[in-house]
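Using the sequences provided together with the hints, build the complete structure.
Protein chains in written order, with my numbering: chain A, -18 to 533; chain B, -18 to 533.
In short, the hints are calculated from the structure, not lab data.
Remember, predicted model here, so these are calculated numbers, not experimental data.
Please note: incorrect hints may appear among the correct ones.
A pair holds if it fits inside one copy or across any two, identical chains being indistinguishable in the list.
Restricting the straight-line Cα-Cα distance to at most 20 Å, the calculated cross-link-like pairs of lysine to aspartate or glutamate (EDC-like) are [claimed, not checked]:
{"#": "1", "residue 1": "LYS264", "residue 2": "ASP127"}
{"#": "2", "residue 1": "LYS529", "residue 2": "ASP24"}
{"#": "3", "residue 1": "LYS60", "residue 2": "ASP24"}
{"#": "4", "residue 1": "LYS262", "residue 2": "GLU(-1)"}
{"#": "5", "residue 1": "LYS60", "residue 2": "ASP314"}
{"#": "6", "residue 1": "LYS1", "residue 2": "GLU287"}
{"#": "7", "residue 1": "LYS425", "residue 2": "GLU405"}
{"#": "8", "residue 1": "LYS421", "residue 2": "ASP215"}
{"#": "9", "residue 1": "LYS31", "residue 2": "GLU3"}
{"#": "10", "residue 1": "LYS31", "residue 2": "ASP63"}
{"#": "11", "residue 1": "LYS87", "residue 2": "GLU105"}
{"#": "12", "residue 1": "LYS2", "residue 2": "ASP314"}
{"#": "13", "residue 1": "LYS198", "residue 2": "ASP514"}
{"#": "14", "residue 1": "LYS452", "residue 2": "GLU3"}
{"#": "15", "residue 1": "LYS421", "residue 2": "GLU377"}
{"#": "16", "residue 1": "LYS452", "residue 2": "ASP20"}
{"#": "17", "residue 1": "LYS264", "residue 2": "ASP454"}
{"#": "18", "residue 1": "LYS504", "residue 2": "ASP78"}
{"#": "19", "residue 1": "LYS511", "residue 2": "GLU81"}
{"#": "20", "residue 1": "LYS425", "residue 2": "ASP386"}
{"#": "21", "residue 1": "LYS393", "residue 2": "GLU436"}
{"#": "22", "residue 1": "LYS313", "residue 2": "GLU201"}
{"#": "23", "residue 1": "LYS262", "residue 2": "GLU230"}
{"#": "24", "residue 1": "LYS1", "residue 2": "ASP314"}
{"#": "25", "residue 1": "LYS313", "residue 2": "GLU3"}
{"#": "26", "residue 1": "LYS31", "residue 2": "ASP307"}
{"#": "27", "residue 1": "LYS139", "residue 2": "ASP215"}
Number of protein chains: 2
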Amino acid sequence: MVITNKEKAARSWTTRLEAKKERIESVKSLVDGVIIPTDRIVDALELLIKPGDRVVLEGNNQKQASFLSQALVQVNPKKVHDLHMIMSSISRPEHLDIFEEGIARKIDFSYAGPQSLRIAHMIEDGRIELGDLHTYIELYGRLFIDLIPSVALVAADKADRNGNLYTGPNTEETPTLVEAAAFRDGIVIAQVNEIVDELPRVDIPSSWVDFIVVADKPYELEPLFTRDPRHITDIQILQAMMVIRGIYEKHGVKSLNHGIGFNTAAIELLLPTYAESLGLKGKICTNWVLNPHPTLIPAIESGWVESVHCFGGELGMEQYVAARRDIFFTGKDGSLRSNRTLAQLAGQYAVDLFIGSTLQMDALGNSSTVTKGRVAGYGGAPNMGHDPGGRRHSTEAWYNLMTSDDPLARGKKLVVQVAETFQEANKPVFVESLDAISVKDQAKLAIAPVMIYGEDVTHVVTEEGIAYLYKSDSISERREMIASIAGVTPIGMEHNPKTAERLRQQGLVALPEDLGIRRSDAKRSLLAAKNIDELVQWSGGLYTPPAKFRSW
Amino acid sequence: MVITNKEKAARSWTTRLEAKKERIESVKSLVDGVIIPTDRIVDALELLIKPGDRVVLEGNNQKQASFLSQALVQVNPKKVHDLHMIMSSISRPEHLDIFEEGIARKIDFSYAGPQSLRIAHMIEDGRIELGDLHTYIELYGRLFIDLIPSVALVAADKADRNGNLYTGPNTEETPTLVEAAAFRDGIVIAQVNEIVDELPRVDIPSSWVDFIVVADKPYELEPLFTRDPRHITDIQILQAMMVIRGIYEKHGVKSLNHGIGFNTAAIELLLPTYAESLGLKGKICTNWVLNPHPTLIPAIESGWVESVHCFGGELGMEQYVAARRDIFFTGKDGSLRSNRTLAQLAGQYAVDLFIGSTLQMDALGNSSTVTKGRVAGYGGAPNMGHDPGGRRHSTEAWYNLMTSDDPLARGKKLVVQVAETFQEANKPVFVESLDAISVKDQAKLAIAPVMIYGEDVTHVVTEEGIAYLYKSDSISERREMIASIAGVTPIGMEHNPKTAERLRQQGLVALPEDLGIRRSDAKRSLLAAKNIDELVQWSGGLYTPPAKFRSW
Chain A
-18 MVITNKEKAA RSWTTRLEAK KERIESVKSL VDGVIIPTDR IVDALELLIK
32 PGDRVVLEGN NQKQASFLSQ ALVQVNPKKV HDLHMIMSSI SRPEHLDIFE
82 EGIARKIDFS YAGPQSLRIA HMIEDGRIEL GDLHTYIELY GRLFIDLIPS
132 VALVAADKAD RNGNLYTGPN TEETPTLVEA AAFRDGIVIA QVNEIVDELP
182 RVDIPSSWVD FIVVADKPYE LEPLFTRDPR HITDIQILQA MMVIRGIYEK
232 HGVKSLNHGI GFNTAAIELL LPTYAESLGL KGKICTNWVL NPHPTLIPAI
282 ESGWVESVHC FGGELGMEQY VAARRDIFFT GKDGSLRSNR TLAQLAGQYA
332 VDLFIGSTLQ MDALGNSSTV TKGRVAGYGG APNMGHDPGG RRHSTEAWYN
382 LMTSDDPLAR GKKLVVQVAE TFQEANKPVF VESLDAISVK DQAKLAIAPV
432 MIYGEDVTHV VTEEGIAYLY KSDSISERRE MIASIAGVTP IGMEHNPKTA
482 ERLRQQGLVA LPEDLGIRRS DAKRSLLAAK NIDELVQWSG GLYTPPAKFR
532 SW
Chain B
-18 MVITNKEKAA RSWTTRLEAK KERIESVKSL VDGVIIPTDR IVDALELLIK
32 PGDRVVLEGN NQKQASFLSQ ALVQVNPKKV HDLHMIMSSI SRPEHLDIFE
82 EGIARKIDFS YAGPQSLRIA HMIEDGRIEL GDLHTYIELY GRLFIDLIPS
132 VALVAADKAD RNGNLYTGPN TEETPTLVEA AAFRDGIVIA QVNEIVDELP
182 RVDIPSSWVD FIVVADKPYE LEPLFTRDPR HITDIQILQA MMVIRGIYEK
232 HGVKSLNHGI GFNTAAIELL LPTYAESLGL KGKICTNWVL NPHPTLIPAI
282 ESGWVESVHC FGGELGMEQY VAARRDIFFT GKDGSLRSNR TLAQLAGQYA
332 VDLFIGSTLQ MDALGNSSTV TKGRVAGYGG APNMGHDPGG RRHSTEAWYN
382 LMTSDDPLAR GKKLVVQVAE TFQEANKPVF VESLDAISVK DQAKLAIAPV
432 MIYGEDVTHV VTEEGIAYLY KSDSISERRE MIASIAGVTP IGMEHNPKTA
482 ERLRQQGLVA LPEDLGIRRS DAKRSLLAAK NIDELVQWSG GLYTPPAKFR
532 SW
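Shown next, in the form of structure tokens:
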């Protein structure tokens, strides 16, 4: 092969760098060093962002680059249009307004939450082009492969005059978003609450940041992981008792993730009471990946918890976390260091168990939180709620789920789904066919948006009992197991009492009484804290809940 | 529940911080600010590390904290003993000497490479206690859950006097190791090649670093990903042609990882020649996650490649990468920014295909590179070589592997295993039982150390043909497919020519002729570069290979 230099001669290999220099040059007269004046942000965005750009806008599920999103919706669509937005969470109205205004055209995201209804309509009407739905770290991975951003708009607490950033407890996904843009000659703009002379610590070095702008008000931060114990029901307490005995104790679950639900809040609040009475302290639930849940305070104070690594912070928990640094990951400044990317990685590969709840489950255990007309997306559940095929290390709980004596057999991650058989009267959780299948067509998705696949689920827990799905050796048996705990839903009605009895005998299904639990014992009096005020008391006043959670 | 303050009163929540302060205080007279004098490193380690500590020692598969590992082996085992070492790669003799000396006791690691024979003996003789084997990011995940380090010993290129670190092209896993220790009140010590007044860029902020020490010589860096095209055989070229036609073109593979082998080097060198002649430029192999392979230079120069994200750097490729910044992730200083954690994440979730080679495969496609008497570990293959259960986005290639019309059906990641039927005369690759099974007992592992599980493998390629395993609908059919391309190995001898013919007809197996490939065309003359010198020419002199690869 003769080497030809023809094409090489014609090509520049620094087009991205040149484009970046040009953009930075274009705002020279607007900026003061790396600082964009607050009142010139719209002008700056019009110069720094070009039509067709891929733009990462930081909408975490907690922290929002709210000043920058409010500025983006004000740019002139004649100057800035056809943007391809990449957002882990679509949380604020202007996140979709930019599409209505013609500023943006296409979206790739992970979670839509409060905007799930509106986005579904916009996709159906062709007002927004949907790239795809993702679990968080899947989306982050694509930032380095086929969704490399041209611009990153992020939020931090403080900056110094060089552009070093301090995120404080809310580091979340910011470093990952910044890294993808900064090291591909993209433009990185960070909104900060204030500029200070010296930062408490550096979370993101100024070498990675092009511009900072002081926001007109602090970034929005959602206390998403605060669950008021007042709303925990007796049924949730019953389920929590079943999980503790029938899963955590049975398999020796030491490391785990808990999500956002009242179900798992109930478990957290039963550790210092019910689980303590079973002598389980130190034997289960020692190492956690979860946000600083206020409902975990009693377990921490009672000495149950060895470590907690966090995806993000939680509003009101700052002082408590700082005062409990033996438990949490904190910096030299004393405040939490969260990291959504690393926490998701740990939640996938390094914990024994993921537990989630669902709004719909089919007869084989496939589940989804999408319901008709909504494109809600996923968040972190698909990542943590499957058995990672790359896992090679063994823990007691993982090994305990091995069911074969094949010489190549391996253990399994525990993936638990907790559901009440009905969401509300006449709305069964167990259904023949998931709404996700119709949403697939409505939202023009390539595949149906399943949150957790049945083949990954090892345990299903309802108020009726636990189905140990990992023990099933056929699809028909799996179906029988789910039916036997599905109550009077359409799926549950299929079940045959004789079959159910056989499944109990074989240890494939357990009812509360099989676990030594009396339904009448499942009372709110078991909760270590019954309301937010008691959580504050447990914390010795270190937890300062947001106003909306205060009743006093 | 009455809140009791008894236990709370008795407990300190800052034991880790106090311990850290004490350790730092103990070296006050030795150090100058954050700088440990080079000749006092052994004294410093004896004070900063305590018996039983969990110590992360940076042994990447490329960059080694070689000065620190050489210092660690010199500490007095009466002062420092029973360490629990955590290392992604065991590469250097002193990595095991510390166990012989009684300084360390237990190891958790990912990859042993050149030390795989010695470590196997040491485990068998009880001279080292094996925690577990891991794929890289699985091990990193555990650093935040149940293997939180007390001390991190890492390597960087340069530091400033405040302890900010510059890693240059070899960032690799350093930020992740540092983050785990720094934010849990662990001690972070970084060896650097030099201290400078101003860093070209900051890769790790000084807020995360406790001490720096100038090494007596630059850290060891292994050119692990350099493959001399002279050693590529005609059989590897034939296999590369089959992969290009029968897999990359057939499924439309755009994003992918290539590893270290000569098989994949051959593919890289056929892109500007054979694949170009098929009109595939821009249709396949555009977005990569791989290190800066010298053998990718001709494809880059010919305009095949849009982007490359790297796990680490590659010795000799620094200038080339800096001059091709439209392709690579680079910093403001112009040099590569690699990141093993993020590249592994992208390699798991965001690419169409992983391709690897193996030393042994059983009849069902399970494969392993462990052979009798060796505990080699895994590296990144288990992470990238499986279908990630959390993936939800669709690409052409992924969707193309969907074989069911179930409403919940989804696509699949392509996991390709390339193997010649024999490693050498009388050493078949295809075997009834993997050596991994006996290594399990020898090394007292919980499970057999399988590199890639058969259920995850979608394609097997030998010099005989391709087996499209993802299409198989039964274990027996999978076995037939593998047998039909396993040549005259024990597994191959099982195969029945009539079955093979049927499998070809059904498109389950393809021979070269089925793909329009003449075996006689598979010649070295097809390679875009036939030796290292031609790679240098392609690079316009920007690639400067290490001396051992130069023949001139």
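Here's how the hints hold up against the structure:
no., hint, verdict
1, LYS264 to ASP127, "between (44 Å within a copy, 14 Å between copies)"
2, LYS529 to ASP24, "neither (36 Å within a copy, 55 Å between copies)"
3, LYS60 to ASP24, "within (10 Å within a copy, 63 Å between copies)"
4, LYS262 to GLU(-1), "neither (60 Å within a copy, 25 Å between copies)"
5, LYS60 to ASP314, "neither (43 Å within a copy, 31 Å between copies)"
6, LYS1 to GLU287, "between (46 Å within a copy, 18 Å between copies)"
7, LYS425 to GLU405, "neither (29 Å within a copy, 52 Å between copies)"
8, LYS421 to ASP215, "neither (36 Å within a copy, 47 Å between copies)"
9, LYS31 to GLU3, "within (11 Å within a copy, 54 Å between copies)"
10, LYS31 to ASP63, "within (9 Å within a copy, 58 Å between copies)"
11, LYS87 to GLU105, "within (13 Å within a copy, 58 Å between copies)"
12, LYS2 to ASP314, "between (35 Å within a copy, 14 Å between copies)"
13, LYS198 to ASP514, "neither (29 Å within a copy, 59 Å between copies)"
14, LYS452 to GLU3, "neither (62 Å within a copy, 51 Å between copies)"
15, LYS421 to GLU377, "between (39 Å within a copy, 17 Å between copies)"
16, LYS452 to ASP20, "neither (62 Å within a copy, 59 Å between copies)"
17, LYS264 to ASP454, "neither (30 Å within a copy, 42 Å between copies)"
18, LYS504 to ASP78, "neither (46 Å within a copy, 58 Å between copies)"
19, LYS511 to GLU81, "neither (45 Å within a copy, 55 Å between copies)"
20, LYS425 to ASP386, "between (44 Å within a copy, 17 Å between copies)"
21, LYS393 to GLU436, "both (12 Å within a copy, 15 Å between copies)"
22, LYS313 to GLU201, "neither (25 Å within a copy, 31 Å between copies)"
23, LYS262 to GLU230, "within (10 Å within a copy, 56 Å between copies)"
24, LYS1 to ASP314, "between (34 Å within a copy, 14 Å between copies)"
25, LYS313 to GLU3, "between (39 Å within a copy, 15 Å between copies)"
26, LYS31 to ASP307, "between (47 Å within a copy, 18 Å between copies)"
27, LYS139 to ASP215, "neither (44 Å within a copy, 59 Å between copies)"
In the structure shown, a violation is registered for the earlier hints numbered 2, 4, 5, 7, 8, 13, 14, 16, 17, 18, 19, 22, 27, in ascending order.
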